[in-house]
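Chemist: Put chain P on the given structure of chain D with help from the hints.
Line by line, the protein sequences give chains D and P. Under the numbering used here, think of the first position of the first sequence as 139, with each following residue one higher. Under the numbering used here, think of the first position of the second sequence as 14, with each following residue one higher.
Computed from the model, here is a short list of chain D residues facing chain P with C-beta under 8 Å:
id: 1; residue: K141
id: 2; residue: Q148
id: 3; residue: V152
id: 4; residue: I155
id: 5; residue: G156
id: 6; residue: L157
id: 7; residue: I172
id: 8; residue: Q173
Treat the hints as calculated values from the structure; they're not laboratory data. Note that the structure is a prediction, hence the values are computed from the model and not measured. All C-beta atoms, glycine included, are put in the ideal place defined by N, C-alpha and C.
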Amino acid sequence: MRKISDLFKQELQVINIGLVSFKESLEDVGIKVIQVDWRPSAATDDATKDALQKLLGTK
Amino acid sequence: MAVKGILREGEYYDSVTLMLVARDVLAMEGVDDAAVVMGTDQNKSILETSGILLDMFKNAIDSDLLIAVKAKDEATCDAAIQKATELLMSRQSKTQETGEYMPKSLEGAVDFLPDANMVIISLAGKYAGDEAMKALKKGLHVMLFSDNVSIETEIELKQYGKEHGLLVMGPDCGTAIINGAPLCFANVVNRGDIGIVAASGTGLQEVSAVISNEGVGISQAIGTGGRDVKKDIGGIMFIEGIKALEEDPETKYIAIVSKPPHPEVLEKVAALIKTEIKKPVVAILLGGDPKVVEEAGAIPANTLEEAGLIASSFSKGKSMDEFKQLLEEREKGLLNLAETESKNKTATQKFVRGLYTGGTLCDEAMLISRTIIGEVYGNAPLNPQFKLEDSWRSKENTFVDLGEDEFTVGRPHPMIDFTLRNKKILEEANDKEVAVILLDVVLGYGSNMNPGDELNPIIKQAKKSVEADGRNITFVCTITGTDKDPQGRGKVKQQLEDAGAIIMPSNAAASKLASYIVKNLGGAR
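The shape of chain D in the complex, shown without the other chains (with noise of 0.2 Å):
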């Protein structure tokens, strides 16, 4: 089974999800880094989610 201390023993590679700054600053460090692009899904809208639940009978 994996376990939390096996991380620590592997290179650090990080996905990042949100500000940008933090993978700037991880890769001055010198750490492998990607960016998503993430922006909200008109799913993801809460008005847009109920209605959508609505329509498909899921609420």
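Modeler: The following block gives chain P in isolation, referenced to the frame of chain D:
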């Protein structure tokens, strides 16, 4: 007065970028109020309260960019909107110029970086939980910087993490150091044999910086988010973190850092230390009863600095006696300095005003000061009876945490944006009862990159402004950080000393010095 705005569909920017743009627009002459935000319901309600919710914004959705400006006339509004769009475009082209590939989803990112093992999430709280669970299900460790994640989601994520051997740091985890990498708001510290588990962000930063400045170092510093040690979460990650450090061969000593945990959580932590942890443990539970962990075999510390110094002494192979001697010498130095600084004050000057950007540092300062000068006022005081009626108006001895929500709505955190504190410094200096102004400066990634350049002229200006009526204000500063930080502790220290401030090696020392001066001046309760 005119109000104008624009809405741009599907144009998304992160919150820090938006707030920095808004700050620049607000600084324009003739601009009374400005907002550059995404069209979430929460943002719309803030705009409504400020009277700048234009009709065209009412049906906006989360993925719409809203820019609203209130200014002296329409031309100024137009100029301000133009400036905001230009600033945002320059940010966008900066990202495009690098030409790097940016996947649209976590799945895409994993395809591109198949050996990724950590996901950092700093989205709005309502999206963060889903992304965190997706990451965990892909076998990735998670650092969740976002707050406003529900307790139920936090429990679900942490249970999953525990069962699958994955770290879940946060929600509301501002800092961590994993495999030597400073994550989010973290300091660049020496690597070494001391492991930290912390349920307090600035607490972790202060302890790790003290250790690094002592010439020893950190193996891992795991943040859990403050809520982890509350009853609902039950210390899930705090406990898993300690276990992971026990298993880690690079870690020889463990420091645990927290505001007082829930008694049930504290019992669990103590039981773990007693039965499973063979490595020496130093515990700082700010304001909590250290007896339980002491009985379990941990060494209790009174301050964050002490926790760092005790762990450092172990790492250097020094005895507790040597550590106590060091502490006594520092205490004598503080008392002498307080004596000198008490001599140049007028009869009206009695009180201290602490203007903090770090929440835990503010708490620690109040805990220390309370033992020397009695209860202090604040916006988040230790004793609820000492809550300021108006957080913007200090009285007697006051410590304000400028990172609290009341000060941060619509603006960047005060560790990044000094505008608000600079204004407060000048206001406090104007108060004839003020003898000492106590400030924290937190260095590291994520924080303001030029704190010395910003604070130096303000301190000079404040000092000069009181000269006319024969007053002298003592500025006491603590700098949490190291020379390896991008700002460089030594450089910032020099800049603040050049302005006439006294720089202490820790927040504990700074709080003590400020309190001893107040006590000498008769300002204690």
